[in-house]
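Once you've looked at the hints, go ahead and assemble the two chains, each given alone in its own frame, into the complex.
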Amino acid sequence: MPRQFKEGDTFTHVRECDAYRPIYYAAASGDFNPIHIDKAVGEMAGLGGAILHGMCTMAWAVEAAILYLGDPGKVKRVRVRFSRPVSIGDVITFEGRVTGIEGSRLVAEISAKNQRGEEVLKGATVEGSIA
Amino acid sequence: MPIDRKFIGRQYGPYTYQIGLEKIREFAYAVAGGIPNAGFGEPPEGLNPLLYDEKAARSAPYGSVIAFPTFAVTFAIAPFAAAVADPELGINLLMLVHGEQEFELFEVLRPGDVLTTTGRITHIHEKAQKDFLVVVSESKNQRGALAVRGTWTAVVRR
Chain W
784 MPRQFKEGDT FTHVRECDAY RPIYYAAASG DFNPIHIDKA VGEMAGLGGA
834 ILHGMCTMAW AVEAAILYLG DPGKVKRVRV RFSRPVSIGD VITFEGRVTG
884 IEGSRLVAEI SAKNQRGEEV LKGATVEGSI A
Chain E
230 MPIDRKFIGR QYGPYTYQIG LEKIREFAYA VAGGIPNAGF GEPPEGLNPL
280 LYDEKAARSA PYGSVIAFPT FAVTFAIAPF AAAVADPELG INLLMLVHGE
330 QEFELFEVLR PGDVLTTTGR ITHIHEKAQK DFLVVVSESK NQRGALAVRG
380 TWTAVVRR
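As they're listed, the protein sequences go chains W and E. Mapping to the working numbering: the first sequence position 32 is 815, numbers consecutive. Mapping to the working numbering: the second sequence position 93 is 322, numbers consecutive.
Excised from the complex, chain E in its bound form (with noise of 0.2 angstroms):
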């Protein structure tokens, strides 16, 4: 069965976030082909020191440590993680993945910023035997400034 059309426009959320300084660090680590735990040892080679050393960070344009770019999906995944999960959907989990990825950043991620995520399905198709979803999430800050944009894309086999 195709995903019934009239689910375009259905929202999620608001889901809120609060980023931490060690789960910015963990997620740079992880990328950069280290261990995501600073408890084991320095970070990976080559990895920028904004997205962990405070002290450098501090003297830089930014003041802080800023979150790798795409540290979003930790947050701004909600409402996708939602949609492909509601039940009058009646996606087959197995049979789906993740087709495409856009994010818009707006603002750079800090320790400390909360982030409120909502989102809406806005596109339902079929092509070839296969299902296409489209949600697009918008996560505001703590002073209600749009951070990031984030277009999700899943792709169902029948």
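Isolated chain W (complex conformation) (with noise of 0.2 angstroms):
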């Protein structure tokens, strides 16, 4: 049996910036811009301390859609807004749900908030293949 999508289909994932984690995001990005690896610079660019590179915020959004869709290699476009920091601690809490299906290709709209009900991402698109 061939795995059903539909529109209406919800998911949930969940990623805690742990201490450590901008550290190892910079190690496999090669993003190592200080505001996400020194203390003393986030603050000075007053953000209160080292924060996440946003796109491990867009690549935890994406890792939602695969558990969803099952396969990583059929994720075909992914958009996203950044609309406030990721710090160590914070817990996000992502929630999608498939908002339309043309054809083999699936579209599904994903939020992303902090432990506190902020949105840390807006309008966040994943469309994949379902062929």
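It should be emphasised that the hints constitute simulated quantities derived from the structure, not laboratory data. Bear in mind that the values here come from a model prediction, so they are computed numbers and not experimental data. Treat the hints with caution; some may be incorrect.
What the hints assert, rightly or not - List of simulated lysine-lysine pairs, BS3-like, C-alpha gap at most 25 angstroms:
no. : chain 1 : residue 1 : chain 2 : residue 2
1   : E       : Lys369    : E       : Lys252
2   : E       : Lys359    : E       : Lys235
3   : W       : Lys789    : W       : Lys905
4   : E       : Lys356    : W       : Lys905
5   : E       : Lys356    : E       : Lys235
6   : E       : Lys369    : W       : Lys905
7   : W       : Lys859    : E       : Lys252
8   : E       : Lys252    : E       : Lys284
9   : W       : Lys859    : W       : Lys896
10  : W       : Lys859    : W       : Lys789
11  : W       : Lys896    : W       : Lys822
12  : E       : Lys369    : W       : Lys859
Said to hold, decoys possible - Using C-beta positions, here's what the derived DEER-type ranges look like:
no. : chain 1 : residue 1 : chain 2 : residue 2 : range
13  : W       : Glu799    : E       : Leu250    : 25 to 33 angstroms
14  : W       : Gly853    : E       : Lys284    : 15 to 23 angstroms
15  : E       : Ala289    : W       : Ser887    : 13 to 21 angstroms
16  : W       : Lys789    : E       : Gln371    : 32 to 40 angstroms
17  : W       : Tyr803    : E       : Tyr291    : 45 to 53 angstroms
18  : E       : Pro290    : W       : Gly829    : 45 to 53 angstroms
19  : W       : Glu799    : E       : Ala289    : 25 to 33 angstroms
20  : E       : Tyr291    : W       : Gly813    : 18 to 26 angstroms
21  : W       : Ser887    : E       : Met230    : 41 to 49 angstroms
22  : E       : Glu251    : W       : Tyr803    : 27 to 35 angstroms
23  : E       : Ala374    : W       : Glu892    : 25 to 33 angstroms
Ideal placement from N, C-alpha and C gives every residue a C-beta, glycine not left out.
Below is the structure:
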């Protein structure tokens, strides 16, 4: 039985920004901007300390969609707006909802909120192939 | 000073990058809550085997390990990084934040792929005392096929 995908399907994913996540993500991505790895620089920039890369938060939103789609190679398009920094200790909850299916292309909107209910991403959408 | 709109159309690149298997693994481990080095133990729980396990991936549709969809940041960022640091644009990097990001993925990325990325500034505008700079990058693989298009938006506070 092939997997069935339908409009209105929902999925959830939770990730915590642990103390070393910005450093690990810096190493993996190559983005060593000091605001991500140096508490003092993050404070100087008015961010209250080192913040996680927006691109890591974006990757977690994509991870949520992969868990739903079942295959990382099926992700075809992803778009996000970074609306609020993610700090060490923040717990981000991703809630996805399939808003459209046209042919073999599925569109899901994903919200990403921290433990205070504040949106860290806006307008996040992932498109996947369900061919 | 707002960023001069005369820089719309300025191009950066080409930049060449060869994708390595271990780099693919490290990226997947870091995103999934692990340490980005396979030498430090098992992959993080729940990680899709297509992102790290050669044996499992060989029998799957792609025939090899593939990169996490946003792995493209590692190489496709080059024109954006060059643009925001371009001395002629005069951007204060301390006031810069990454505002928006989009990737369109036309080909899966595999170990050994060689990506050539070029980019150009497509928009410069100001809104609410902030400058917006948009760079669109295109990365082609060794067969000349467009693999990834990235749309990178920087927001610069005044």
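Against the structure, the hints:
Annotation: proposed proximity of Lys369 of chain E to Lys252 of chain E holds, straight-line Cα distance about 19 angstroms (limit 25 angstroms). Pair hint Lys359 of chain E plus Lys235 of chain E holds up; C-alpha atoms about 18 angstroms apart against a cutoff of 25 angstroms. Distance restraint check for Lys789 of chain W and Lys905 of chain W: the Cα-Cα separation of roughly 23 angstroms lies within the 25 angstroms cut-off, and the hinted pair is therefore satisfied. A hinted pair counts as satisfied when its Cα atoms are at most 25 angstroms apart, and Lys356 of chain E with Lys905 of chain W qualifies at roughly 18 angstroms.
Annotation: proposed proximity of Lys356 of chain E to Lys235 of chain E holds, straight-line Cα distance about 18 angstroms (limit 25 angstroms). With a C-alpha separation of about 29 angstroms, the suggested pairing of Lys369 of chain E with Lys905 of chain W is violated against the 25 angstroms cut-off. Distance restraint check for Lys859 of chain W and Lys252 of chain E: the Cα-Cα separation of roughly 21 angstroms lies within the 25 angstroms cut-off, and the hinted pair is therefore satisfied. Restraint check for Lys252 of chain E and Lys284 of chain E: satisfied, since their Cα atoms lie roughly 17 angstroms apart, inside the 25 angstroms limit.
Distance check on the hinted pair: Lys859 of chain W and Lys896 of chain W sit about 24 angstroms apart at the alpha-carbon level, within 25 angstroms; holds. Straight-line distance between C-alpha atoms of Lys859 of chain W and Lys789 of chain W comes to about 18 angstroms, which keeps the hinted pair within the 25 angstroms bound. Between Lys896 of chain W and Lys822 of chain W the alpha-carbon distance is near 23 angstroms, which keeps this suggested pair within the 25 angstroms criterion. The hinted pair formed by Lys369 of chain E and Lys859 of chain W meets the criterion: a straight-line CA distance of about 16 angstroms does not exceed 25 angstroms.
The hinted range of 25 to 33 angstroms is satisfied by Glu799 of chain W and Leu250 of chain E, whose Cβ atoms lie roughly 28 angstroms apart. Here the CB-CB span from Gly853 of chain W to Lys284 of chain E is close to 19 angstroms, well matched to the stated 15 to 23 angstroms. Distance hint for Ala289 of chain E and Ser887 of chain W: a CB-CB separation of about 19 angstroms, consistent with the stated range 13 to 21 angstroms. In this structure, Lys789 of chain W and Gln371 of chain E meet the distance hint of 32 to 40 angstroms, their C-beta atoms being roughly 38 angstroms apart.
Distance hint for Tyr803 of chain W and Tyr291 of chain E: a CB-CB separation of about 31 angstroms, inconsistent with the stated range 45 to 53 angstroms. The hinted window of 45 to 53 angstroms between Pro290 of chain E and Gly829 of chain W holds, with their beta carbons roughly 47 angstroms apart. Range check, Glu799 of chain W to Ala289 of chain E: about 30 angstroms between beta-carbon atoms, so the 25 to 33 angstroms window is met. A hinted range of 18 to 26 angstroms for the beta carbons of Tyr291 of chain E and Gly813 of chain W is consistent with their spacing of about 24 angstroms.
Checked against the given bound of 41 to 49 angstroms, the beta carbons of Ser887 of chain W and Met230 of chain E, roughly 48 angstroms apart, stay inside it. A beta carbon spacing of about 20 angstroms between Glu251 of chain E and Tyr803 of chain W contradicts the range 27 to 35 angstroms that was offered as a hint. At roughly 29 angstroms, the beta carbons of Ala374 of chain E and Glu892 of chain W sit within the given window of 25 to 33 angstroms.
The structure does not agree with the numbered hints 6, 17 and 22 stated previously, though it agrees with the rest.
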